[in-house]
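Trainee: Working from the sequences, and respecting the hints, build out all of it.
There are 2 protein chains.
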Amino acid sequence: MNAPLKSSPLRDDISRARKIISPFIHQTPVLTSSALNELSGALLFFKCENFQKAGAFKFRGASHAILTLPEAQHAKGVATHSSGNHAQALALAARNLGIKAYIVMPENAPRIKVEAVISYGGEVTFCQPTLLDREATLREVIKKTAAVEIHPYNNYTIIAGQASAAAELFGEVETPDCLVVPVGGGGLLSGSILSTRYFSPKTKVYGAEPLMANDAWQSFQKKEFIPSQNPQTIADGLRTSLGSKTFPIIMGGAEDILTAGEETIIQAMFLIWERMKIVVEPSAAVPLAVILENPGIFKGKKTGVILSGGNVDLLKLPWLDNRSFNKH
Amino acid sequence: MNAPLKSSPLRDDISRARKIISPFIHQTPVLTSSALNELSGALLFFKCENFQKAGAFKFRGASHAILTLPEAQHAKGVATHSSGNHAQALALAARNLGIKAYIVMPENAPRIKVEAVISYGGEVTFCQPTLLDREATLREVIKKTAAVEIHPYNNYTIIAGQASAAAELFGEVETPDCLVVPVGGGGLLSGSILSTRYFSPKTKVYGAEPLMANDAWQSFQKKEFIPSQNPQTIADGLRTSLGSKTFPIIMGGAEDILTAGEETIIQAMFLIWERMKIVVEPSAAVPLAVILENPGIFKGKKTGVILSGGNVDLLKLPWLDNRSFNKH
Chain C
0 MNAPLKSSPL RDDISRARKI ISPFIHQTPV LTSSALNELS GALLFFKCEN FQKAGAFKFR
60 GASHAILTLP EAQHAKGVAT HSSGNHAQAL ALAARNLGIK AYIVMPENAP RIKVEAVISY
120 GGEVTFCQPT LLDREATLRE VIKKTAAVEI HPYNNYTIIA GQASAAAELF GEVETPDCLV
180 VPVGGGGLLS GSILSTRYFS PKTKVYGAEP LMANDAWQSF QKKEFIPSQN PQTIADGLRT
240 SLGSKTFPII MGGAEDILTA GEETIIQAMF LIWERMKIVV EPSAAVPLAV ILENPGIFKG
300 KKTGVILSGG NVDLLKLPWL DNRSFNKH
Chain E
0 MNAPLKSSPL RDDISRARKI ISPFIHQTPV LTSSALNELS GALLFFKCEN FQKAGAFKFR
60 GASHAILTLP EAQHAKGVAT HSSGNHAQAL ALAARNLGIK AYIVMPENAP RIKVEAVISY
120 GGEVTFCQPT LLDREATLRE VIKKTAAVEI HPYNNYTIIA GQASAAAELF GEVETPDCLV
180 VPVGGGGLLS GSILSTRYFS PKTKVYGAEP LMANDAWQSF QKKEFIPSQN PQTIADGLRT
240 SLGSKTFPII MGGAEDILTA GEETIIQAMF LIWERMKIVV EPSAAVPLAV ILENPGIFKG
300 KKTGVILSGG NVDLLKLPWL DNRSFNKH
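If you read the sequences in order, they're chains C and E.
Each residue of the first sequence is one higher than the one before, counting from 0 in numbering that gives the first Met the number 0.
Each residue of the second sequence is one higher than the one before, counting from 0 in numbering that gives the first Met the number 0.
Mixed in with the good hints there might be a few duds.
Since the list gives no way to pick one copy over another, a pair counts as held whenever it fits inside one copy or between any two copies.
Okay, derived cross-link-like pairs now, DSBU-like style, lysine-lysine, Cα gap no bigger than 35 Å in a straight line [unchecked claim]:
| # | residue 1 | residue 2 |
| --- | --- | --- |
| 1 | K18 | K301 |
| 2 | K99 | K201 |
| 3 | K221 | K143 |
| 4 | K315 | K143 |
| 5 | K300 | K99 |
| 6 | K300 | K18 |
| 7 | K5 | K315 |
| 8 | K201 | K75 |
| 9 | K315 | K298 |
| 10 | K298 | K142 |
| 11 | K298 | K5 |
| 12 | K203 | K18 |
| 13 | K298 | K99 |
| 14 | K301 | K99 |
| 15 | K143 | K203 |
In short, the hints are calculated from the structure, not lab data.
Mentor: Written out as structure tokens, the structure reads:
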């Protein structure tokens, strides 16, 4: 019997999650690039979650949450507040089962993201762009609808779903030396840590974070939770703080958290587009950016990289705004 | 014994070409997109030559030409005039065998393309940007070096190499109803027609051409060769005229040549980037553009599409210049 997880996912929980979601998600390809191997000095294997449905790994966790939703909740639906990929993922995963998804979005959310949620059948409620108002509006929506909240990362069912990306990677690339994963709220990183522990225990897992939003790095260094404070990074998916469920998993399993500057993140994103001919969002480029900034760690190492998503406004590319970025 | 082809490729010539080049090229993936199926009404299978080495299908033909080069020619090298993907492909294919590649490029060729040729070890000679001066400069280079000319499309060895893309597609997608292929000089289209005749004879092959460079369409309609005249299309790979070797194959095997306007080409390119999260150049988007402009032909049809290449200047994207393009 499938049900939401009440504690940190075990090996069997992740195996079961993979099985449950597999008919609904894309088994995304793993790509390599001799040009990026040459540039980085590492042997890189890119797990392309930018090709995932709804454009990001978030669809894995969202699908797992929807597919383990108690029958009695189906008619009432699910709810979340998000201006990012979780909103789209939850809306699409819910629609696949005919379940209603209520999405609270800040009124200044990019139109392209709001439209995507609506196109997936999500019901959008706008709020003021503050965390307080987002939470208050979500409480109201839940009170009115009896929908259940699906938190984007501080939720073990979500974490087990996100874990499936690294588990799939280990099925294709045997025992990489390293795995580099972007860290925002920590859902993908903690899922990846658990999958590594169970399925590829010799692999070292690194979190990759923008220097301008280095709350996970600080928390990891000080061994205490430090929240993100108004971070100004182009990697919009990585601005959130860790959660009470993700932080302990990360403390217990990450080899290190590495950071990269904004210029390197933009350069890494540009390199992935130019050399691999694929579209990734800034957050997805942060792992390559930390690899480029830490060549000593990755030189000659077989390294998995999770390209977390590809949802980017093609009319607003960072290398076009950024005057100091003159690759050409 | 491998040797350059002296007549239109037969079934065995194409099978042999596949075998010869297979250790050197990427077996590119075939991708699908439910969003683009929905939009087009067709069932589309995209053969991703944008992921090919040197960024385009041209590497297939160039590799075949290099790998069938007579031993005595190895020390003297190969030469061509090209401002596009053939130049890069030939330089890289030649380097793989330690053979010298002399590339004549117009002095106004985009810097990014010149740099790519040089990075692949090609020796660049600049010329005036006219066909006359390109040909004269190439003759001089050949006179001086005794290199052999490898024409980008009017060459049976090249055609047999390009044919391998469609042949691979038929190995993955059984008997599509249609195959849509961009047409510039006609190397890829004539190769695709031959592979279809030999390996998937029930499939109808359509050439896809910009309306603003519709010389192949005119030639096909009038059943006589009509050259391209100063065409103004964003699809820079498709501005060339057909050749004496490609035109007869196209006359004998294409179901039709279909054209698309510039706006539709840009829209199709944008859709492929946005929905499939992959980078393609304008020429590669022309097949989807003609499918979107001719829904009656492709509705409900299992349709192969060759995404011919992904070499595009990421700093100059057409939807950013084009004022009348307001997808958002």
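Trainee: With reference to the structure, classify each hint as holding or not holding.
Mentor: A quick look at each hint next to the structure:
Proximity of K18 and K301 under a CA criterion of 35 Å is satisfied in both settings, with 27 Å inside one chain copy and 30 Å between copies. When the C-alpha separation of K99 and K201 is checked against a cutoff of 35 Å, the pair qualifies neither within a copy, at 42 Å, nor between copies, at 45 Å. Taking the shortest Cα distances, K221 and K143 never come within 35 Å of each other, neither inside one copy (41 Å) nor across copies (69 Å). Taking the closest pair of Cα atoms, K315 and K143 never come within 35 Å of each other, the shortest separation being 37 Å inside a single copy and 49 Å across copies.
In the homo-oligomer, the alpha carbons of K300 and K99 lie at most 35 Å apart only across protomers (33 Å), although the nearest pairing inside one protomer, at 45 Å, exceeds that limit. Taking CA atoms no more than 35 Å apart as the test, K300 paired with K18 passes in both settings, with 31 Å inside one copy and 32 Å between copies. Taking identical chains as interchangeable, the C-alpha atoms of K5 and K315 are never at most 35 Å apart, the minima being 41 Å within one chain and 50 Å between chains. Taking identical chains as interchangeable, the C-alpha atoms of K201 and K75 are never at most 35 Å apart, the minima being 44 Å within one chain and 51 Å between chains.
In this homomeric assembly, K315 and K298 come within 35 Å of each other (Cα to Cα) both inside a single copy, at 33 Å, and across copies, at 34 Å. In this assembly of identical chains, the alpha carbons of K298 and K142 never lie at most 35 Å apart, being 53 Å within a copy and 46 Å across copies at closest. With identical chains, the CA atoms of K298 and K5 are never at most 35 Å apart, being 40 Å at best within one copy and 48 Å at best between copies. In this homomeric assembly, K203 and K18 come within 35 Å of each other (Cα to Cα) only inside a single copy, at 25 Å, whereas the closest approach across copies is 39 Å.
For a Cα distance limit of 35 Å, the shortest separation of K298 from K99 across copies, 32 Å, qualifies, whereas the shortest one inside one copy, 48 Å, does not. Within a single copy, K301 and K99 get their C-alpha atoms only as close as 43 Å, which misses the 35 Å cut-off; across copies the closest is 33 Å, which meets it. In this assembly of identical chains, K143 and K203 lie within 35 Å of each other by CA distance neither inside one copy nor across copies; the values are 45 Å within and 56 Å between.
Taken one by one, the earlier hints fail for this structure at numbers 2, 3, 4, 7, 8, 10, 11 and 15, listed in ascending order.
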